[in-house]
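Engineer: Since the structure of chain A is already known, use the hints to place chain B on it.
Taken in order, these protein sequences are the chains called A and B. Residue 1 is where the first sequence starts when you use this note's numbering, and the numbers rise one by one after that. Residue 1001 is where the second sequence starts when you use this note's numbering, and the numbers rise one by one after that.
None of these hints come from the bench; they were simulated from the model. Every residue gets a Cβ at the ideal spot worked out from N, C-alpha and C, and that includes glycine. Honestly, I wouldn't trust all of these hints.
FRET-style restraints, in silico, Cβ to Cβ [said to hold, decoys possible]:
no., chain 1, residue 1, chain 2, residue 2, range
1, A, Glu109, B, Glu1479, 35 to 45 Å
2, B, Glu1408, A, Asp102, 48 to 58 Å
3, B, Ile1074, A, Arg33, 31 to 41 Å
4, A, Asp102, B, Ile1420, 25 to 35 Å
5, B, Asp1184, A, Gly36, 50 to 60 Å
6, A, Asp102, B, Glu1585, 46 to 56 Å
7, A, Arg134, B, Glu1479, 28 to 38 Å
8, B, Arg1058, A, Asp102, 48 to 58 Å
9, B, Met1161, A, Arg134, 32 to 42 Å
10, A, Asp102, B, Arg1584, 44 to 54 Å
11, B, Ala1427, A, Gly89, 54 to 64 Å
12, A, Arg33, B, Ala1042, 50 to 60 Å
13, A, Arg134, B, Glu1489, 50 to 60 Å
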Amino acid sequence: MSPTKERNLRIIVAKPGLDGHDRGAKIIARALRDAGFEVIYTGLHQTPEMIVATAIQEDVDAVGLSIMSGAHMTLFPAVIDLLREKGAGEVAVFGGGIIPQDDVPKLKEKGVAEVFLPGSSTQAIIDWIRQNIRPRAEAA
Amino acid sequence: MGTKAAKQQRTPEGPARLPTPTAPEHAEHRSYAAAEIARVLAEREAWSREELAEALSRLPRRREVFTTDSGIPIPDVLDPASRRDADYARDVGYPGRYPFTRGPQPTMYRGRLWTVRQFAGFGSPEDTNRRFKYLLQHGMTGLSTAFDMPALMGYDPDHPMSRGEVGKEGVSVATLRDFEVLFDGIPLGEVTTSMTINASAVVALAMYVAVGEQQGVPRARLGGTIQADMLKEYIAQKEWIVPPRPAVKLVCDMIEFCAKEMPRWNPVSISGYHIREAGATAVQELAFTLADGLEYVQQCVDRGLDVDAFAPRLSFFWDVHNDFFEEAAKFRAARRIWARAMKERFGAKKRESLLLRTHAQTAGVSLTAQQPYNNVVRTTLQAFAAVLGGAQSLHTNSLDETYALPTEEAVTIAMRTQQIIAHESGAARVVDPLAGSYYVEYLTDEMERRALDHIRRIDEMGGMIRAVEDGYPQREIAESAYRYQRDIESGERTVVGVNAFKSQDEEPIAILKIDEAVARAQVERLRSVRSSRAAPRVKDTLMVVERAAREGSNVVPPVIEAVKAYATLGEICDVFRKVFGVYREDGRF
Chain A
1 MSPTKERNLR IIVAKPGLDG HDRGAKIIAR ALRDAGFEVI YTGLHQTPEM IVATAIQEDV
61 DAVGLSIMSG AHMTLFPAVI DLLREKGAGE VAVFGGGIIP QDDVPKLKEK GVAEVFLPGS
121 STQAIIDWIR QNIRPRAEAA
Chain B
1001 MGTKAAKQQR TPEGPARLPT PTAPEHAEHR SYAAAEIARV LAEREAWSRE ELAEALSRLP
1061 RRREVFTTDS GIPIPDVLDP ASRRDADYAR DVGYPGRYPF TRGPQPTMYR GRLWTVRQFA
1121 GFGSPEDTNR RFKYLLQHGM TGLSTAFDMP ALMGYDPDHP MSRGEVGKEG VSVATLRDFE
1181 VLFDGIPLGE VTTSMTINAS AVVALAMYVA VGEQQGVPRA RLGGTIQADM LKEYIAQKEW
1241 IVPPRPAVKL VCDMIEFCAK EMPRWNPVSI SGYHIREAGA TAVQELAFTL ADGLEYVQQC
1301 VDRGLDVDAF APRLSFFWDV HNDFFEEAAK FRAARRIWAR AMKERFGAKK RESLLLRTHA
1361 QTAGVSLTAQ QPYNNVVRTT LQAFAAVLGG AQSLHTNSLD ETYALPTEEA VTIAMRTQQI
1421 IAHESGAARV VDPLAGSYYV EYLTDEMERR ALDHIRRIDE MGGMIRAVED GYPQREIAES
1481 AYRYQRDIES GERTVVGVNA FKSQDEEPIA ILKIDEAVAR AQVERLRSVR SSRAAPRVKD
1541 TLMVVERAAR EGSNVVPPVI EAVKAYATLG EICDVFRKVF GVYREDGRF
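Okay, chain A solo, but in the shape it has when bound:
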């Protein structure tokens, strides 16, 4: 490995809110790790504040949120706003879960980079990350 090679992408997979359905989050975390990314999984029942604190502390390039409880319209914007507030607005926020199609454009307007709906393959998510997320050091 040459010293100039770009560092692996660091991604946090997070479960905000009270919803305990972690099957998807754990599958995604594992698939991303198997694809060669550095993955941090927050565990359950995280507040937006906790997720943003971890994201900053771990110096991640992107935050992936998994939400099954219907609270996506509240929790996605809360994470994005907090990242901006803490000066980490360049960290991409993407996610998925039980999210109705109509809500996708509204979430994108609020700054969500991509939303993966039920039935999305882990490969589609990996491909999207490879194409759209750059290590922050390089971007800066």
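Structural biologist: Okay, now just chain B, sitting in the frame of chain A:
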């Protein structure tokens, strides 16, 4: 280690435990005569040499090995010789008779159809009360209540953790006032109500008792079920407040209380559903769920309860996934394992203590966002398997549930699905029609054997609480979930409309949305209750709850007094947090 040590596991926390009985390996009385088996084997031999060999030379098998969804190998054909160790009277027998393989009642649906019990709950108590009345008018025969995430996790609607979640996945409740609205105009002496709530279950049970009293229905006449299965929360659904040991203690408090005061109430619904939905195979679902049940029984016996005093009210809840025959067989295997374990391990004597009664729900996780109308067909097949398996009550999922909670139209189709099976398909005219199928009996035996292997491992760990603390079932399930997803992505497993037979341009379907106005109204109602109640009485009753929790006495009676004083669900759960601590899971994946 001596034989005695091998047979009895002593846990560091409690007295010696007896092992769970294994499945008998050989028949005591063969149901097929030896001469007949020899004749069958000769026929099979000739067939595989001639017809089968010839067919395979023309067209090989589509795959090298066929297995069920949980990995049980499926031979080319099964016959009486495959069942040479069958002992019909001992292992299959008759419905309503030990070991209950064919069903918990002698007449099954010829006596009474299963209960159509559609899980409902969203928005405000008013919204859900309206949906309940709609469902009752359209032929639903029992209520089933879904609570929102804040209620399930023990937070009031105005808690910061409740942001964005109020009324979203179920009905929002915080105080007895909400329960009064939720069950307004519904005669609690006549319907049975199921409540899907676990970590904060004791509060919901107390509120139901209090509302019953307001309607003039004494607690002894209230019929229904509260899920209150905490072990599966740590294993799969992940909605918890306190750590596993005190959580199981609260479950046992409810079992004890109901055994004494609520003879028509099921104080726990030992649930495989969530375990399966989290990714377990059918065999893992069977094993972990029964192991959960055995742990509750052990804990109650350890606190000195007579097994026959509470076991008749233990109820179960299975998932019904896609693999039709395996799913039907699962119900049969579950009843047999449970009956033997209750009789041989716990020495239960009453017939009702041995029989496993169950609710079932079609598999939410099997539904697809793509081509959502196909979900009606999936649900129909799954519901049919539950009926052939002999479920006592059933929930059928709605076609739109990969997007949101169901609309009224979607839930009506789901309910009609059950009514068509009940009244048109003929399945309700016959008891256990799959019995005697070489394949289904083989699956029943295999599932039993494989589930008992898992249960033995759990026994060896010292029981399910310890296994959960070690993360054993959690790891097994995550592994299966990941494999399932890989199989879909590699095309090894076909999901119609997702990785095969895809359509372009799908029409969006109508979905139900919950307005944020619900959260504002619920917070407002909570504030008005807080300002109008007698504060000293709230404080006093909460102190009694705290004392009971600290002393280890039964918390149910003091919680009933607290809810009658309009203490909130969050306040009562705060007492548990204070006394027992808060549970956190690490971020392993």
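Engineer: Run every hint past the structure and note whether it holds.
Structural biologist: Here's how the hints hold up against the structure:
Separation of A:Glu109 from B:Glu1479 is about 39 Å and conforms to the stated range, judged on CB atoms against 35 to 45 Å. Checked against the hint of 48 to 58 Å, the pair B:Glu1408 and A:Asp102 fails, with Cβ atoms roughly 19 Å apart. Checked against the given bound of 31 to 41 Å, the beta carbons of B:Ile1074 and A:Arg33, roughly 34 Å apart, stay inside it. About 32 Å separates the C-beta atoms of A:Asp102 and B:Ile1420, a value consistent with the hinted range of 25 to 35 Å.
For B:Asp1184 paired with A:Gly36, a C-beta distance near 57 Å keeps the hint of 50 to 60 Å intact. Against the hinted window of 46 to 56 Å, the Cβ-Cβ separation of A:Asp102 and B:Glu1585 comes to about 33 Å, which falls outside the hint. For A:Arg134 and B:Glu1479, the hinted distance range of 28 to 38 Å is satisfied, since their beta carbons lie about 33 Å from each other. For B:Arg1058 paired with A:Asp102, a C-beta distance near 53 Å keeps the hint of 48 to 58 Å intact.
Against the hinted window of 32 to 42 Å, the Cβ-Cβ separation of B:Met1161 and A:Arg134 comes to about 34 Å, which satisfies the hint. At about 35 Å, the CB distance of A:Asp102 to B:Arg1584 disagrees with the hint of 44 to 54 Å. A hinted range of 54 to 64 Å for the beta carbons of B:Ala1427 and A:Gly89 is consistent with their spacing of about 59 Å. For the pair A:Arg33 and B:Ala1042, the supplied restraint of 50 to 60 Å holds, since their beta-carbon distance comes to about 55 Å.
Distance hint check: the CB atoms of A:Arg134 and B:Glu1489 are about 26 Å apart, inconsistent with the given range 50 to 60 Å.
The structure fails to meet hints 2, 6, 10, 13 from the earlier list, while all remaining hints are met.
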